[in-house]
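> Chain by chain, the residues run as shown.
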Amino acid sequence: NAGVTQTPKFQVLKTGQSMTLQCAQDMNHNSMYWYRQDPGMGLRLIYYSASEGTTDKGEVPNGYNVSRLNKREFSLRLESAAPSQTSVYFCATKPPGSGKTQYFGPGTRLLVL
Amino acid sequence: GESVGLHLPTLSVQEGDNSIINCAYSNSASDYFIWYKQESGKGPQFIIDIRSNMDKRQGQRVTVLLNKTVKHLSLQIAATQPGDSAVYFCAENIRETSGSRLTFGEGTQLTVNP
Chain A
1 NAGVTQTPKF QVLKTGQSMT LQCAQDMNHN SMYWYRQDPG MGLRLIYYSA
51 SEGTTDKGEV PNGYNVSRLN KREFSLRLES AAPSQTSVYF CATKPPGSGK
101 TQYFGPGTRL LVL
Chain B
1001 GESVGLHLPT LSVQEGDNSI INCAYSNSAS DYFIWYKQES GKGPQFIIDI
1051 RSNMDKRQGQ RVTVLLNKTV KHLSLQIAAT QPGDSAVYFC AENIRETSGS
1101 RLTFGEGTQL TVNP
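So the sequences go chain by chain: A and B.
All the letters of the first sequence, read from the start, carry residue numbers 1 to 113 under our numbering.
All the letters of the second sequence, read from the start, carry residue numbers 1001 to 1114 under our numbering.
Think of the hints as simulated: they come from the structure by calculation, not from any bench.
Take these hints with a grain of salt, some might be off.
[To be verified] Chain B residues, not near chain A, derived (Cβ > 10 Å throughout):
| # | residue |
| --- | --- |
| 1 | L1011 |
| 2 | S1028 |
| 3 | Q1060 |
| 4 | G1083 |
| 5 | G1107 |
[As the list claims (entries may be wrong)] Some chain B residues near chain A, calculated using beta-carbon distances under 10 Å:
| # | residue |
| --- | --- |
| 6 | Y1032 |
| 7 | Y1036 |
| 8 | Q1038 |
| 9 | R1061 |
| 10 | V1062 |
| 11 | S1100 |
| 12 | R1101 |
| 13 | G1105 |
Where is the CB? At the ideal position from N, CA and C, for every residue including glycine.
Start from the sequences and build out the full structure, keeping to the hints where you can.
Here it is as structure tokens:
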């Protein structure tokens, strides 16, 4: 039982390049989330998916797209990376029902030059 | 806009002392609050949670207190150990028609001195 996995662990991009961050979970959770964390700050929600086939914008969605491929996988895409997107990206999942906490992956460190 | 924030960005304590980390929130619609611990280079890890209809909840060496009157949340760690050194985040859960979402505070860096 791996929980929440993220790939890659680390990536360097040049401005304008594109890439997809992958997230997968084996906990059979319905909801999945993408956050970014900048130095000295808390996590900010980019996009989330309450269930397979649905996605919604979070606090900072600009410059990103997501795909809920199936119940297990939720990917985050940067079509044209910018230096302002240098950050650590965390994926999280949540089981159904109220009052349930989110479980986080180990993160992907992205550096955009 | 509404937000969750922490009173102190850093806290330094001696090993064996008790630690208290504070959090203020402003969204009265929040139904659930969570404390996370984040060690360097890792994702946030769940510590303890509390529903909005409770005012206290205890775990192993940790206690969360919720004061809805002043919209204040605190995390108490008893007999703090070096392994407790980390950044601690509070988060509030807000239920929306499309699902629930967490809003995080900025975090408090706890340093435990031996």
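> Would you list, in rising numerical order, the hints stated earlier that this structure does not obey?
Violated hints (numbers, rising): 5, 9 and 10; every other hint is consistent with the structure.
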